[in-house]
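2 protein chains.
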Amino acid sequence: MGFDSITCNKLVWCTLIIALWTCTLEGSGHLMSSEGLLPPPKTLLEDPLITHQRTLVGGGPSNQYQRSLASLDRPVMGNFENSSLKIMEDVKAGLRYLFQTENKWTLALSGGGSLAMDIILDNLVEPGDVVLIPTFGLWGVRAADIVERYGGIPKKIEAALGSAFSLKEIEDGIVTYKPAVVYITNGESSTGVHQSLQGVGELCRKHYCLLVVDLVATIGVIPFHMDSWKVDAVFSNTQKALGSPTGMAPISYGTRSIEKITSRKTKPKSYFADLKNNWIRNNYWGISDPGAAQTFHSSYPILQIYALREALASIATEGLAHGWARHFDATAKLYTAIDNMTTIEGGSGVTYFVSRAEHRLTGTVALLPPKGLDPKELMNLIRQMYSIEINIGIGPMTGKIIRIGVLGPNARPDIVDEIVSAIKYGLKNLKK
Amino acid sequence: MGFDSITCNKLVWCTLIIALWTCTLEGSGHLMSSEGLLPPPKTLLEDPLITHQRTLVGGGPSNQYQRSLASLDRPVMGNFENSSLKIMEDVKAGLRYLFQTENKWTLALSGGGSLAMDIILDNLVEPGDVVLIPTFGLWGVRAADIVERYGGIPKKIEAALGSAFSLKEIEDGIVTYKPAVVYITNGESSTGVHQSLQGVGELCRKHYCLLVVDLVATIGVIPFHMDSWKVDAVFSNTQKALGSPTGMAPISYGTRSIEKITSRKTKPKSYFADLKNNWIRNNYWGISDPGAAQTFHSSYPILQIYALREALASIATEGLAHGWARHFDATAKLYTAIDNMTTIEGGSGVTYFVSRAEHRLTGTVALLPPKGLDPKELMNLIRQMYSIEINIGIGPMTGKIIRIGVLGPNARPDIVDEIVSAIKYGLKNLKK
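Residue numbers (this note's numbering), protein chains in the order written: chain A, 888 to 1319; chain B, 888 to 1319.
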């Protein structure tokens, strides 16, 4: 039998195999016709994608740094190639600078800040662990709910909405409840309140508990020094002062956190979250133990990683201290304008929600509207006339406050002028 | 006291308040200086963002539909404005078409397919629930791990890597284990195997269990009809045949799933996942009960939602049936080329990993390399010479196979020609 005839036989055989695949596949025959299909939605066939240029000053999302925005038209690369991994290394370095830490376990999760809250607590809380949660708004309430789901015992100490805790109050809580973990929201975005971290790290070391801090509203806005302040785990999001799109959550675990995680007796509840058993063998972020068997965890959102890399490069190029000062100055300018509005304009009636100045957050400001004014009407009018987006509160404050954020690229004097002008316009035109 | 003097007093008072905020803020004084800061990373200060145009045919991520890619330079809008909500409505409509369902509870989660697996099982599995998992690769193993974490009892039936289950085998499993949920991976991406769904929905109704299907590797590739096939819950990702960036997870729950979820006696473990208590009050997606108190769940990744909307519009415009046929044709062309390579080229030695033709997945093809050839070397050479990205397997197959995917915009004859040409080049040049 010659070569030709073998080839011919094989070709016949191959054709038969393909015919078999064709026949058995659900993709074949009548199933491939559009008969009997639910029709495609008219709205997708006919409507264009309509978007608007906004100045986003509602306290999150903010606008993006120019470099971050520009990175999004870059092509998607493969998960495993060196050019992708190099960008992830850059992100890790940038996040270490941002958090002021040398923690190896510093990376960005796909998913956003709310998911990161779940993930960090799932890893750090074992059933029976007491978690002390100073609660002064939405985020402490949620943290307690999360801790309970993972079998932990949340112990809340509570402050009135619009205020925060003294170091003494936190220490009293620690002494009373002897927690394994203290969970602190550095900036309570629902009320515009700043919780000072001064001395809390030392306190936690003294009492042998871990300190976890939610930096969502404060990272890049006010000074933070993870290592020298002795913070054991932190997370943030990307769409506020980082000036990158929503959808990722930077996270960092210190040595004491990793010790607790690797000596856990129970598995975290979420496979996705599980650092000890899963992330630690994930090679993408280059944080796995060299000897560990590599495994596939999940595909990472490479475009968002480009964007985060470029946002972090913008922050590194400006320098953290300069960025903090810029946020401080923009907020001070906004405060002055609000004060002037209240006084010189003959009393617009806008007042601070946070009465004690030392509790006020930099970057995110919560205001009470004049009597009779619906913040939602103000928000809609300002959006329509100025294309400026403010926020009217979340959680317990929904619809009750005017929330203004000068964050990331928007922490600038000209943006503050724009905001003030828009609010004056709104108050004047909505006056009853 | 005249008006001027009141104003003056107020101004003095305001200045004092700002001074107080300034003094107490951690942002003030020496803390704002860059002294003592860990330095910014050189790599972010000096290196540009380097990316490469790739033809991504490793079976995920794939390249994006042009409209999806183009949407990413659109400006970010606010979370609450009507223009944003309209885009989310479009996404819901597009996903309903994609899944062929009228389910109200159809939306896209921030986070990706691996997270969606966690979330869907967290919602549908209560402690003590038996979950039947036909397991024939990485994803069934992971599903079992997840079910166990949530207190469920995973019951695996197992098939050799490279094969799938008959309806009879699935029915036997159901009869033996009496599961509350049957969890099926429609396309096992680690091995390139297709698990037929024919008859499984009816079976699950007959035996009073829910049918959950992982559509990650198959949605948009082969026919799927959620409603008429009686599937109770599904999820997918966005970076394969949907042709949108990695980072979101479309999900749909049918009536029977929602009944189970709303009558749960225990809370899901993850706050983020919890549909009954949290998502159901989230107004963004317009799926909450009209009377329910609204709450803030999380910020959604609006840019990714633009991209998904545009990808779904591309799919709707082409029509599902046409898209399925296109994937079928591209895969058939690839099969023919592989067969020809094996025979006419005098035996390259590339063989199918999945020996039975009827088990082979459309869109994602797993090949065994010729003896002595390291798939990693082939992947690297092809990337370098052709800028084509193939994959070398994940999970149990890592480094053992050559995985090729013609998915989404890449399911085209010219792309198949490119791939075949690159593989021929690679095999020739790496021949020992």
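The set of hints was computed from the structure by calculation and includes no laboratory data.
Worth double-checking, as some hints may not be accurate.
Repeated chains share a single entry, so a pair holds when one copy, or any two copies, can fit it.
Claimed, not checked - Cut-off 35 Å, straight-line C-alpha distance, at most; resulting in silico cross-link-like pairs (DSBU-like, lysine-lysine):
#1 K1093 - K1315
#2 K1065 - K1154
#3 K1315 - K1055
#4 K1311 - K1055
#5 K1258 - K973
#6 K929 - K1055
#7 K1311 - K1152
#8 K1311 - K1065
#9 K1093 - K1220
#10 K1263 - K1055
#11 K929 - K1287
#12 K1163 - K1065
#13 K1043 - K973
#14 K1117 - K1315
#15 K1311 - K1042
#16 K1258 - K1093
#17 K929 - K1043
#18 K1315 - K1043
#19 K1263 - K1065
#20 K1065 - K1318
#21 K929 - K1042
#22 K1163 - K929
#23 K1311 - K929
#24 K1065 - K1258
#25 K1263 - K1287
#26 K1154 - K1220
#27 K1065 - K973
#28 K1055 - K1117
#29 K991 - K1311
*Go through the copies and call it for K1258 and K973: within, between, both or neither, with a Cα cutoff of 35 Å.*
between (55 Å within a copy, 32 Å between copies)
*Classify it for me, K929 with K1287: is the Cα-Cα distance of at most 35 Å met within a copy, between copies, both or neither?*
neither (38 Å within a copy, 45 Å between copies)
*Indicate which option fits the pair K1311, K1055 if close means a Cα-Cα distance not exceeding 35 Å: within, between, both or neither.*
Neither: 41 Å inside a chain and 72 Å across chains, both beyond 35 Å.
*Copy assignment of K1154 with K1220, given that the CA separation must stay at most 35 Å*: The answer is neither: 49 Å in one copy and 46 Å across copies each exceed 35 Å.
_Intra/inter-copy verdict for K1043 and K973 if alpha-carbon distance must be at most 35 Å_ = Neither way: K1043 and K973 sit 42 Å apart in one copy and 39 Å across, limit 35 Å.
*Since the copies are identical, ignore which copy is meant and state whether K1315 and K1055 lie within 35 Å (CA to CA) inside a copy, between copies, both or neither.*
neither (44 Å within a copy, 73 Å between copies)
*Status of K1318 relative to K1065 across identical chains (alpha carbons, at most 35 Å)*: neither (52 Å within a copy, 66 Å between copies)
_One pair to classify: K1311 and K929, alpha carbons no more than 35 Å apart. Within, between, both, or neither?_
neither (42 Å within a copy, 44 Å between copies)
_Intra- versus inter-copy proximity for K1258 and K1065 (alpha-carbon distance at most 35 Å)_ = neither (44 Å within a copy, 62 Å between copies)
*Is the C-alpha distance from K1065 to K973 at most 35 Å within one copy, between copies, in both cases, or in neither?*
neither (43 Å within a copy, 49 Å between copies)
*Measure nothing new, just compare the shortest in-copy and cross-copy C-alpha distances for K1311 and K1065 to 35 Å and report within, between, both or neither.*
For K1311 and K1065, neither the intra-copy (50 Å) nor the inter-copy (66 Å) Cα distance is at most 35 Å.
*Can you tell me if K1311 and K1152 fall within 35 Å by alpha carbon in one copy, between copies, both or neither?*
neither (58 Å within a copy, 51 Å between copies)
Violated hints, in rising order: 1, 3, 4, 6, 7, 8, 9, 10, 11, 13, 14, 15, 16, 17, 18, 19, 20, 21, 23, 24, 26, 27, 29; the structure is consistent with all others.
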